[in-house]
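Chain order of the listed sequences is A and B.
Numbering of the first sequence is given in the numbering used here, commencing with residue 461 and proceeding in unit increments.
Numbering of the second sequence is given in the numbering used here, commencing with residue 461 and proceeding in unit increments.
Simulated from the structure, these hints should not be mistaken for lab results.
Take these hints with a grain of salt, some might be off.
Identical chains share a label here; the pair holds if one copy fits it or two copies do between them.
Unchecked claim - Below, in silico cross-link-like pairs of lysine-lysine (DSSO-like), each with a Cα-Cα straight-line distance of 30 Å or less:
id, residue 1, residue 2
1, K911, K675
2, K563, K586
3, K650, K793
4, K563, K503
5, K650, K698
6, K540, K881
7, K697, K503
8, K650, K675
9, K563, K698
10, K627, K563
11, K793, K698
12, K793, K881
Please read these numbers as outputs of a predicted model, since none were measured by experiment.
Protein chains: 2
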Amino acid sequence: MLYADISNSIARQIREQVLKPGDRLPSVRLLCQEHGISMNTAKRVFIELEAQSLIESKPQSGYFVSQLPYQRLPLPEVSKPSPISQDNEPEALISRVYATRGKPGLTHLSMGAPSTEMLPLAKLNKEIIQATRRLSSSGTAYEEVPGNEDLRRMIAARSLSWGGKLKESDIITTTGGINALFFCMMAVSKPGDTIAMESPCYPGSLQLARSLGLKVLELPTHPVTGVEIDALKKVIKKIDVCLLVPNFNTPLGSCMPDEHKKEVVALLAKHGIPLIEDDIYGDLYFGTQRPKCCKTFDEAGNVLLCSSFSKTIAPGYRVGWVAPGRYREKVLKLKLVHMLSSPALVHEAIASFLRNGRYDNHLRKLRATLLQNYLHYIDAIASWFPADTKVSRPQGGLAIWVECNKKVNTTELFETALKNKISIAPGRMFTLQDQFENCIRLSLGVLFSEKVDQKLKLLGKLLT
Amino acid sequence: MLYADISNSIARQIREQVLKPGDRLPSVRLLCQEHGISMNTAKRVFIELEAQSLIESKPQSGYFVSQLPYQRLPLPEVSKPSPISQDNEPEALISRVYATRGKPGLTHLSMGAPSTEMLPLAKLNKEIIQATRRLSSSGTAYEEVPGNEDLRRMIAARSLSWGGKLKESDIITTTGGINALFFCMMAVSKPGDTIAMESPCYPGSLQLARSLGLKVLELPTHPVTGVEIDALKKVIKKIDVCLLVPNFNTPLGSCMPDEHKKEVVALLAKHGIPLIEDDIYGDLYFGTQRPKCCKTFDEAGNVLLCSSFSKTIAPGYRVGWVAPGRYREKVLKLKLVHMLSSPALVHEAIASFLRNGRYDNHLRKLRATLLQNYLHYIDAIASWFPADTKVSRPQGGLAIWVECNKKVNTTELFETALKNKISIAPGRMFTLQDQFENCIRLSLGVLFSEKVDQKLKLLGKLLT
């Protein structure tokens, strides 16, 4: 057993509050015996948990679940969406929130991507210049339909990190992540079909499904372990497609345990229901090990794995990809018909960024930044938000989910916050049902600072 | 009356073979009297027609329709598609042809875009470098939903050239031209609707419509004046949407006269049928005057005008746009849901290319190249192809349409040609019906050369 597996399962118990602040952890010696690991491996488990501020050591006494204030904030409950599609799209709200995008003078806590200072701008600019020289037509010609060959090769090589065995030919590049989801929905569904998704869920996926005439069935979702498999089983006969974000989805930041992923993949394959897996946040883990994908357990080619570099390198470049399993031909045709070609120059720049080994270095820094950012944010929430606030424990990704007192209406709060130069993402955005009106998604994409702390303090006041 | 209007109408008579090779044109003096124009204006009419090799002067005798060999080749007839949707998509053929895209060693006469040597690569590379410096986030951040402001402003400013009155806010940028057509089809139709198009027609539009579950009704189309209005009137009650490429469409290269555009716009508005206008070739006129658009005559906001820079500056950049008239809000939402943002860097580069006044210079050169190219190609066709070959007289754009003897099957010819290192676009690609099997589209995007001449000679032999 890997130390990362052990630290992950202890971390999960802490996040789920099975282990509570102040609880004592087993000793290093006991851990060795229980799991049959070496002293060094056991020590790495504790170092890993300490790095995430989940545990703290006391001299001569061992390790304890840390007493940091936020450890005492309760987790949001498992969501309980209606088992019937409601498709009540919060269109006006979403437009309101998106209209604040990039507006100067605001603190963009609604942002869904890392801010510019977290991105490797100087290196990317060099890659762009080199790409204009390297591509025979300086990127002015159409690419071949499957997309940049080097990029597909690098993505295939990286699939080892999540236990995948992708080949270059399994992959089709797309113009951003949403474009990949679009191709997948088009490939495996038709208008009137029902698609199951987590609840709460990325508004873009909800809107995309609605735009294609699909009915959305929202699934009860645990803030730490993701979609509830029993709930999925109950509706399995009612759905035609399933879309999941198993790793660090927005807004919850949950991560499905491997055994859940495996079970869901088998369940859906058994019922002939294609799984669209959005792994756009998979590389942004706070721990030391990259989580597996559902695709890792996909024997039947039933999983269409989508991802992009929008949340890790450059949102505005529009570089995404899909490994569509047995739907490859369909997706390839859809790309030809709907896009012809992706923007060649920026795709080559990202390919080269990966080829030069810059991605891993960059990710290491970005993950450390996001983890520190998360610890600051959650600390500020514990300090400034009302005592009855519940908060998610993301294990990676870019979001914190805050559940306020039932009396709070965050759609109204959005307007008040905006007057105070803060942009937040109200909970109602993340569902097609009348729920989450007392929730907020905060972005970890904005670097924590004195100013952000003050804005969170202000937000806390508006909540009381 | 402008000299360009007069020269256009004479040019049309020559292309339609109302005026035949050797026919004498009216004298300069008569032209002045007939149209109430000055001698200088009348002279410009003849200079313009001579520049297009349509007429030639004989000393002391005046101007005559030129006797060049190709003037004697007959025009293809008005197409006669079935008035019932057939939706018999030539999927395998299209895949075969697209698979040859960019393959080295081939003469790419199937290409639908200008080749690299016709594009302003060095200037674009400079624009790209400057864009990385100019954009505050070096193009890594998402754009605002409507797209690059400068680009929209420049497109609006250029609308004067076709008698348009677009404002920046009327325009939404898209990730290439196909992406604009997609947004428009999504905005104005639903699965099961019927869309009318020219026949023959751009395969991308046919496939896009099919992909969205639309039935395609192909309209009889004249090789010089475009869609037959009477035919459109006959089916007006059967259609929900109309998509036209009024200026230099592919594969025919026809151009609807202004009065036809006006009439079609009024007809469709009267019946509440939205018109999607694809003007992607509008800037590539062989004459001296940019043709108007249907949008020029659109009072009701019923025309959704689409275009891109893929056929003029950089196919691989994916920079397109749409002026959706009264469907603006719908298209804006579709862009948000399906794309989030276009690739910021390349859009900024094109914006700057326009801002710096480089586009007009480039277009002037490109148009001259394409006209010369056309004259060479059509000359080679007249020299090498069988005597019963019919050929279009494009007035701009990137294509020549060749109609061979009924016995020829160009789908089979494609394979034979490919063995001889030539890629052609067989006629069957341009329809969903069983027609045009004896036709070929040749690309003007490949610079004519001794080698191309030899390949056309070879193709001519394969046709006999």
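Go through the copies and call it for K563 and K503: within, between, both or neither, with a Cα cutoff of 30 Å.
-> neither (47 Å within a copy, 56 Å between copies)
Can you tell me if K650 and K793 fall within 30 Å by alpha carbon in one copy, between copies, both or neither?
-> both (16 Å within a copy, 21 Å between copies)
Have a look at K627 and K563 and pick one of within, between, both or neither, based on CA distance no larger than 30 Å.
-> between (41 Å within a copy, 22 Å between copies)
Up to 30 Å between alpha-carbons, please classify K650 paired with K675: within, between, both or neither.
-> Both: 10 Å inside a chain and 16 Å across chains, each within 30 Å.
Tell me, please, which holds for K793 and K698 at an alpha-carbon limit of 30 Å: within, between, both or neither?
-> For K793 and K698, both the intra-copy (28 Å) and inter-copy (29 Å) Cα distances are at most 30 Å.
Are the CA atoms of K697 and K503 at most 30 Å apart within a copy, between copies, both, or neither?
-> Neither: 47 Å inside a chain and 77 Å across chains, both beyond 30 Å.
If the cutoff is 30 Å on CA atoms, where do K793 and K881 land: within, between, both or neither? Let me know, please.
-> between (45 Å within a copy, 25 Å between copies)
Intra- versus inter-subunit Cα pairing at 30 Å for K911 with K675 | neither (42 Å within a copy, 56 Å between copies)
Tell me, please, which holds for K563 and K698 at an alpha-carbon limit of 30 Å: within, between, both or neither?
-> neither (42 Å within a copy, 46 Å between copies)
Taking 30 Å as the upper bound on the Cα-Cα distance, should K650 and K698 be classified as within, between, both, or neither?
-> both (15 Å within a copy, 24 Å between copies)
Given identical chains, is K540 near K881, meaning Cα to Cα at most 30 Å, within a copy, between copies, both, or neither?
-> Answer is neither: 33 Å inside a copy and 62 Å across each miss the 30 Å cutoff.
For K563 vs K586, is the C-alpha pair at or below 30 Å within one copy, between two copies, both, or neither?
-> Close inside one copy (28 Å) and across copies (28 Å); limit 30 Å.
In this structure, the earlier hints numbered 1, 4, 6, 7, 9 are contradicted, and the remaining ones agree with it.
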